[in-house]
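J.: So you can see what is in the structure, the chains are spelled out below.
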Amino acid sequence: MELTQNYIEPQPLLKTLSWVDWAYALLLLFGGVFAFSRYGAYMDAYEKSFLLGAVAGFSWLGWFWKPVRPLLVGIAALSLFGISQYHGDLASVDHAFFLKFFVGSQTAIMWMNVLFVLAMLTYWGATFSRSMFVGKVATGLTWSAVLMGFTGLMVRWYESYLISPDVGHIPISNLYEVFILFCLITSLLYLYYEGRFNTRQLGGFVLLVVNAGVGFILWYTFDRQASGIQPLVPALQSYWMKIHVPANFIGYGSFSLAAMVGSAYLLSQRGILTSRLPALEVLDDLMYKVIAIGFAFFTIATILGAMWAAEAWGGYWSWDPKETWALIVWLNYAAWLHLRLVKGLRGTVLAWWALIGLLVTTFAFLGVNMFLSGLHSYGQL
Amino acid sequence: MKNHTHSRLREIYDLLSSMRFAVSLLTVLGIASIIGTVLKQNEPYPNYIIQFGQFWFSAFEKLGLYDVYHSGWFIVILAFLVISTALCVYRNTPLMLREIRSWREHATEKSLRLFSHQAEYATTLTKEESLPKLQGFLTAHGFRFKTVDREAGDVLIAAKAGAYQRLGYILTHAAIIVICIGGLIDGNLPFKFQEIMGWKKIETRDLAADKVPAISRLPVNNLSFRGNITIPEGSQGDVVFLRMRDGYLVQELPFAIALKKFRIEHYPTGQPKSFESDVAILDPDRKEPFNATISVNHPLIYKGVAIYQSDFQDGGSSLSFDGWQLASAEARPFKVDGKVNGTVTLTTSGAPLTVELDDFRLFNVLNLSSDGKGKPHNVGPSVTFKVRDAQGQAHEYLNYMQPMQLDGRTYFVSGMRGSPSESFRYLRIPADEDVSIQGYMQWHALMSDPAKAPILAKRLADKVLQGEAGAEAMRPKFINSVQQLLGLFAKGGFNAVADFIEKSVPANEREKAAQTYIRILENVAFEAYGMSREADGKPAPKTDEATLAFIRDSLNSASDVFFYGSPFFLQLTSFEHRQASGFQLTRSPGKNLVYGGSILLVLGIFAMFYVRERRVWLLVKPGTQRVLFAMSSARKSRDFDAEFERFKGRLQQLMQQ
Ligand code: HEM
Numbered sequence: 001m002e003l004t005q006n007y008i009e010p011q012p013l014l015k016t017l018s019w020v021d022w023a024y025a026l027l028l029l030f031g032g033v034f035a036f037s038r039y040g041a042y043m044d045a046y047e048k049s050f051l052l053g054a055v056a057g058f059s060w061l062g063w064f065w066k067p068v069r070p071l072l073v074g075i076a077a078l079s080l081f082g083i084s085q086y087h088g089d090l091a092s093v094d095h096a097f098f099l100k101f102f103v104g105s106q107t108a109i110m111w112m113n114v115l116f117v118l119a120m121l122t123y124w125g126a127t128f129s130r131s132m133f134v135g136k137v138a139t140g141l142t143w144s145a146v147l148m149g150f151t152g153l154m155v156r157w158y159e160s161y162l163i164s165p166d167v168g169h170i171p172i173s174n175l176y177e178v179f180i181l182f183c184l185i186t187s188l189l190y191l192y193y194e195g196r197f198n199t200r201q202l203g204g205f206v207l208l209v210v211n212a213g214v215g216f217i218l219w220y221t222f223d224r225q226a227s228g229i230q231p232l233v234p235a236l237q238s239y240w241m242k243i244h245v246p247a248n249f250i251g252y253g254s255f256s257l258a259a260m261v262g263s264a265y266l267l268s269q270r271g272i273l274t275s276r277l278p279a280l281e282v283l284d285d286l287m288y289k290v291i292a293i294g295f296a297f298f299t300i301a302t303i304l305g306a307m308w309a310a311e312a313w314g315g316y317w318s319w320d321p322k323e324t325w326a327l328i329v330w331l332n333y334a335a336w337l338h339l340r341l342v343k344g345l346r347g348t349v350l351a352w353w354a355l356i357g358l359l360v361t362t363f364a365f366l367g368v369n370m371f372l373s374g375l376h377s378y379g380q381l
Numbered sequence: 001m002k003n004h005t006h007s008r009l010r011e012i013y014d015l016l017s018s019m020r021f022a023v024s025l026l027t028v029l030g031i032a033s034i035i036g037t038v039l040k041q042n043e044p045y046p047n048y049i050i051q052f053g054q055f056w057f058s059a060f061e062k063l064g065l066y067d068v069y070h071s072g073w074f075i076v077i078l079a080f081l082v083i084s085t086a087l088c089v090y091r092n093t094p095l096m097l098r099e100i101r102s103w104r105e106h107a108t109e110k111s112l113r114l115f116s117h118q119a120e121y122a123t124t125l126t127k128e129e130s131l132p133k134l135q136g137f138l139t140a141h142g143f144r145f146k147t148v149d150r151e152a153g154d155v156l157i158a159a160k161a162g163a164y165q166r167l168g169y170i171l172t173h174a175a176i177i178v179i180c181i182g183g184l185i186d187g188n189l190p191f192k193f194q195e196i197m198g199w200k201k202i203e204t205r206d207l208a209a210d211k212v213p214a215i216s217r218l219p220v221n222n223l224s225f226r227g228n229i230t231i232p233e234g235s236q237g238d239v240v241f242l243r244m245r246d247g248y249l250v251q252e253l254p255f256a257i258a259l260k261k262f263r264i265e266h267y268p269t270g271q272p273k274s275f276e277s278d279v280a281i282l283d284p285d286r287k288e289p290f291n292a293t294i295s296v297n298h299p300l301i302y303k304g305v306a307i308y309q310s311d312f313q314d315g316g317s318s319l320s321f322d323g324w325q326l327a328s329a330e331a332r333p334f335k336v337d338g339k340v341n342g343t344v345t346l347t348t349s350g351a352p353l354t355v356e357l358d359d360f361r362l363f364n365v366l367n368l369s370s371d372g373k374g375k376p377h378n379v380g381p382s383v384t385f386k387v388r389d390a391q392g393q394a395h396e397y398l399n400y401m402q403p404m405q406l407d408g409r410t411y412f413v414s415g416m417r418g419s420p421s422e423s424f425r426y427l428r429i430p431a432d433e434d435v436s437i438q439g440y441m442q443w444h445a446l447m448s449d450p451a452k453a454p455i456l457a458k459r460l461a462d463k464v465l466q467g468e469a470g471a472e473a474m475r476p477k478f479i480n481s482v483q484q485l486l487g488l489f490a491k492g493g494f495n496a497v498a499d500f501i502e503k504s505v506p507a508n509e510r511e512k513a514a515q516t517y518i519r520i521l522e523n524v525a526f527e528a529y530g531m532s533r534e535a536d537g538k539p540a541p542k543t544d545e546a547t548l549a550f551i552r553d554s555l556n557s558a559s560d561v562f563f564y565g566s567p568f569f570l571q572l573t574s575f576e577h578r579q580a581s582g583f584q585l586t587r588s589p590g591k592n593l594v595y596g597g598s599i600l601l602v603l604g605i606f607a608m609f610y611v612r613e614r615r616v617w618l619l620v621k622p623g624t625q626r627v628l629f630a631m632s633s634a635r636k637s638r639d640f641d642a643e644f645e646r647f648k649g650r651l652q653q654l655m656q657q
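Protein sequences, first through last, are from chains A and V. If you're matching positions, the first sequence starts at 1 in UniProt numbering and goes up one per residue. If you're matching positions, the second sequence starts at 1 in UniProt numbering and goes up one per residue.
Chain V with its partners taken away, still in its complex shape (with noise of 0.2 Å):
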């Protein structure tokens, strides 16, 4: 029975040391590491509900696919492997150092001369003469020897060079066990234990982080973590959070950082150059805050703990924007404040809708030339926010405060889009020429006030008809078409004009009636932009090409209105900027371990590639007159076998002399 399990473990061992258990081993850590890379890792869960459905992501969150290399039978792989390589070094090792320090100085005669690679010589040369020859060849080719006597007057002189090359093997599958070791402590080893135990649990819920139980909480005295923290200016944090799974774990921290400013510099070019945050390190061991500057690249370390920069984002910019009327007659601006992760609510435009804003950025480097050759520039700030009405549907903006050069005229821009993963699309605005949003706007007010319409049509008629033969009796059914139009497009744009055009003109004339129609709207439009500007006080339009742009624009502006799904336009009017930054922290008591392992691999691989082990036989014969040769080594290659001709060459020409 005792025998019985004896030899049990001693297969289990054979197995487990084998190096057919180890490849397998590595061939499947290859292939699980492959699924990691084509499989997104750790993205916000939903995601992966919409990519798989309900029942593949079940399924593929049971196997622990969203984060591979840190589920449970990861691991486990893992741990087969530095069990299976420190048995395969405990098993190996001294067979190898008894090897590297053996001289095989009892090689007999027999078992020599059945050495693949060997030689005799006649020599005439006595064995007083002989041997310092030998040895001296043997030491000029970098061998050692040890000299023993045999029988009958012989001598046998065992060399060796290159022995070290077992060291290789022991020192890279050493290697290969404290850099999987070192891993193992760095990775989140420690918590799975405490997770398994029930001790620990991770949060998923949406919570402040002194809110976070203590369940969820890792202590300061936490061997290893890695996690992350946003610290607005002129705030500070005592926390990270690691993100795990679907949900998150707060680490508790020695001290705390507050961040005092957050840079980012710039190149000639406009690419960023450099993130840099300005930290104050609040150590209750300490009676004064240090302050520090941590950089990419240049992270810092204290009380174990390493401090990265690792993004940055914005940390409540005050934001105040001129809200605009696209709906009705209103021609003011009415005022809009706000914080960035902050919302507004308008009842302005009647049913209340909610402005959450997102995001502020100072900085937006882009390639606006039409053929993208051209160098891109900073078109200047920008803004995200949402739009979210009372069903709780939104739209999503982004608002560039400046105006931009795109084709050569100059627009406000504002892109829109109704879901994340559709691409922005852009309503343009024109800019007066006073590079002013206002221009458009009370333009726009005018043309969509139904009011202001037969006032207009009056306006133009006078013009338009001026002069004209039977113009008194043309002047109803002009002015009355021109309201008609009017009426049209302030109800839905182009797009209504075309609809009516395609249900009351035959088709024939269609083509014709479209290119009056947009004449009328092109000079009706340029009536209204003149009663804006008197309307303010300013001079009537100049009737030149810029002007004409400046309508035609408008018009399509106006049009590409009905499509913006906001009653209002924000423009961007003043700011106070106010940045984040994201900081990664870490500590990784495992690092030495894995720093130093690579060394280990490293001189470890040399020793094995480039430290050739070659034995080498001389056996001197007095009594025959005669010299054996025989060379060998763990390793046959071509080299070998050179090296073989040319000593074999070599030992004849100092034999005959």
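If we strip away everything but chain A, and leave its shape as in the complex, we get (with noise of 0.2 Å):
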């Protein structure tokens, strides 16, 4: 009964914060207090409440999963370092040691790509040897990568102002970027359900989706030349596209998550590493969350693009195949959900529906832009 042993009562988040915790939170007020000092003449009422807000929002979420602090403290001392090297010159990247090989945005984010496929090697590899040492690595190969990919784009973010003032915006606004993005969350939520259920064999399922994602990467920038920074079309110019983007992000990447947990479910039930898989209570327990957090932002990502559209478009809903895809998604997780706690549905339904429903989440990400012409592939104004 160790349960009973260690139980300690429940208290408000507030007062279980060790002096790391304020010391974290003292570091970000500092950094948002020398930002503003510095850039606040520059900054409209949006800006400056998104940078009160950003102080908040992540000293909570640094509180609430302590693993985020470290990470952050590390991509803004990267960042940091990165932006310093530049010198204020963009050619500094072909030629500065540092930049070259290590923190350049393009490198940094190749680290991330190849960090990305180790990661997966070595969890595949855990899971094999049942190695707990080797799991370990693997996680930390995939914390590594994180750190890479958030690196590279807060360095793009500071290279786009490099190519010229009015040019300079965040980096989500291409699908180079976002993908990277997608990457950067889905791995994200991973590592945050690893560290609450110990499930550390499904590192090698997630990663694949995330090297799917990296493999496009290396597509587009290798194939298609399309890794450049490219100005804003003007409907892109907007506060919207900020929190719609990665609010869409959290629910696609936790959509590709439930859909790898699926069919880790469906191996395991056929006997397949079942004796390597965590239970499949546990799974399917998993895939429920995910798929929640998933729904919850896949909402606020859409409603955000109902409001920008009304902006941009002069219409909150005009029925465009993005628009309409987005709902077709958000219907299917919408009947998943009812099923489940309506129905009290469990198990092998539900897992290939998560799974088939990463098809329609991929349509509605990609096939759209591809097959589909509409007000979102911006051929017009």
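Keep in mind the hints are simulated off the structure, nothing from the lab. On a predicted model such as this, the values are computed, not experimentally measured, just so you know. Incorrect hints may appear among the rest.
Unchecked claim - Below, simulated BS3-like cross-link-like pairs (lysine-lysine); rule was C-alpha separation at most 25 Å, straight line: (1) K40/V x K322/A; (2) K15/A x K133/V; (3) K343/A x K636/V; (4) K287/V x K261/V; (5) K100/A x K375/V; (6) K242/A x K273/V.
What the hints assert, rightly or not - Which chain A residues stay away from chain V? Per the calculated CB distances, all over 12 Å, these: (7) L80; (8) F102; (9) Y176; (10) L208.
Positions of the beta carbon are idealized from the N, C-alpha and C atoms, including for glycine.
Two chains, two frames, some hints: make the complex.
T.: In structure tokens form, the structure reads like this:
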């Protein structure tokens, strides 16, 4: 009865904070104040509230999920280091040593790609060898990939301003950039649940879908030469973009994660890898939790999208293919949740459904851009 | 009888409010939505006829597939969804509210013992000792409770946490109703109704706004609309057009919009950065017009009407051209003046031809590098026009005003196509050393002039045969064949020459003959260039690589002219730019309902997922010195099992101390 021995009465979050937590929050606050004192004159009301919100939001996130603290500090340190190496000149990427091989935005993103591939192999190694140590290495690799990926995005953000101040924008505005975001968010969601439920055996599965994203990034970079920074077309110059896109990708990331958990469930149920995977109930529960998060964020993202559309196109809902497919994805997971919560359905059917849901989601995310035309393809204004 | 109808109604009510029915509706809605994304919506009807043929076109039109989301049956599905969800909420809400309020303090010992999650402890504590401990435990875990005395001195603590989870259900489902109603108000439901009643009708003819009859006009007080208007600079408009199926309606506005200026700004890289319109709003209720600037993502909202920047086009720019004859020996250009969206009739080349000026663009950002990897840049203005003959046949042209750098050389470029479904094929006319089109055109005139052929042949003969042995004997033959070659080329370019070789030269000598002919053509073309420059009082052309390249390009160009489809070339010489800005205007009173509903939806979803409803019963039985613990949740989950285990262990400890 280990549980009873170590029982702690529940306490509000604020009372559980250690000095490290406070130091972390203080550091964020310091960063926020510094940014404000230096750039406040260039910010409008939105930007000021974003800054304040970021300090509060990331403090809370770090308190709630402790590993975010070192991650955030690491991203900040690496990004600032990278930025300092440019000396205000975009061409530095080609000759400054650290930029060329380590923290230049394209290089950092390449490191992310490499680390994700290694992490996937290591996770599978851990699953087959049943080695705790190898598993820890895999987790470490995934964290490093996330660190490098975010650093790459931050530095890219800075780079965009070096091209020209009016070109500068947050790097979540084209397929290349959002694929990076997708890999990072999916991995972070997974890492959270890995920490919470000790489900390291799932890493190999989840990193499969992340590495599909990596494959796309590589293809986009090398085959399509589409990794360059493009200025924003007028329709994208909006605050809504900055929240609509990340919210959407928390949705997409969750649904992908759920699909991979679903596939693990189906394999395990057929006796494949059963002894190496978490128990079926754990997988089932995880699948539900992830879809619930995804559904909530996807709902928010769709609503934000509607508000943005109202501002940019003159109507909150135009039955544009992207919008319509977002609705279909949403209906799909609403049905999934109904069956589980209302009818009490569990297990195989839902696992299959989550897996097929990934196809629907992928079509909404990629297929619509590739096969259907509409306002979201930014063909016109 | 009465009973019978009553049970019938009851059945319908049960069906409509059932989840089965709702889920079926949602499935149908999903599938219907997919149709609308696969089949491009609201295209001009002729496009559909081309795509499907007449039979399927009519069939699909009857089904409303060209505007699925506004078709009658789609709206019926939505309406049923609203009704079904409303009934469902109506049916479940009272139950749920009762649930939320209830403590369930009447649970009997017997029923508690039947719970799947329950435990029993022996304790030495008295009732007075254990009750505060248990209540403290519950409070610490966020439970609210009610303590009731039971028979034989027993005490029951009935506790609950997360009761508001149920509120989540009410909020989400009410939200869906609210959002759908908002959407239906802003959709074209009111018009649909008026159309069915025969009060309104869509207009399919191409009429000016003020000629559209009243039956196709919607009054200022129309509840909701979404339409477009294009206003040229310096003009104004007070109606918008609502596109509908294969026609339109005219919506009157409570004010007029005048466009003063439309602006496009560009990034240093050439891509557009902003589209902005300076407008004045002229409202009969105001003495003075007021000015505003509308840009993408920054609409103007006035009198409940939102005005958005949506697109732009040419608003009738004035254009001047030099017209160069391609099929005659005329070496001087004629002047052509016109306006975009207007037509000019030309009779200079025999049969009258109509030039329809379609569009003018000030900026064209193109990527001209041969591997496509270079940077795109602005190549300056372009004009598109059609040249139509008396039979109505037309070719479409895309001409750039300034010459372009292509493969390291400078050309005037004109695209041509026979129909909109083709892509443009380009005629490249080399620029002369003054970067002008004149050098080529005058050369072309000379080359096309049969009267000049003997002179050219003689000039060439003088040059080539100079100082050669037997030259005099060869001379007439040489002149003759050069003249013949010039004649061939003037009739059909390289193709005519090739045909001639095919016909008159044995197969094994053709290659050689072709090379010889091309060399002669190049030489005679050079002579022609020299002659045309002399006529202009310009110095003789240099004999360098650049001139040779110019001559070769000129020959290619002259040869391609036979496929150009127009007897003249229009070179844009000056323009006065006038733009038109496209606005979308909407009145959408349902928007607030939709946004309000959205907030309810988000609140509801979080309540449903993240508020966990649990109930705990603690029955303290001093008589037998026992405590019974039972726990339940509407939603069984692993978290719930784990929590139960934790509680069980902790209560065990509490009851021991
Ligand atoms: C697309 C829209 C819908 C969404 C997102 C949605 C979402 C949900 C969710 C998540 C639940 C679980 C509530 C819980 O167990 O606590 C639920 C329950 C339920 N839904 Fe829906 N729903 C939708 C439409 C409908 C419609 C149209 C109907 C009915 C006609 C309906 C009927 C029900 C019923 C009866 C329950 C059971 C409530 C209970 O007993 O807890 N839903 N809904």
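J.: Indicate, hint by hint, whether the structure satisfies it.
T.: Going through the hints against the structure:
Distance check on the hinted pair: K40/V and K322/A sit about 13 Å apart at the alpha-carbon level, within 25 Å; holds. Of the supplied pair hints, the one linking K15/A and K133/V holds, its CA atoms being roughly 22 Å apart against a limit of 25 Å. Simply put, K343/A and K636/V have alpha-carbon atoms about 12 Å apart, close enough for the 25 Å limit, and the pair holds. As the CA atoms of K287/V and K261/V are separated by approximately 22 Å, the hinted pair is consistent with the 25 Å bound.
Straight-line distance between C-alpha atoms of K100/A and K375/V comes to about 23 Å, which keeps the hinted pair within the 25 Å bound. A hinted pair counts as satisfied when its Cα atoms are at most 25 Å apart, and K242/A with K273/V qualifies at roughly 18 Å. Residue-level check passed: L80/A sits 27 Å from the nearest beta carbon of chain V, beyond 12 Å. At roughly 27 Å, the least C-beta separation between F102/A and chain V is larger than 12 Å, which holds for a residue marked as non-interface.
Distance check for Y176/A against chain V: the nearest CB is about 16 Å away, which clears 12 Å, and the non-interface claim stands. Distance check on L208/A: its Cβ is at least 25 Å (rounded) from any Cβ of chain V, clearing the 12 Å threshold; non-interface status holds.
Consistency with the previously given hints is maintained throughout, with no hint failing.
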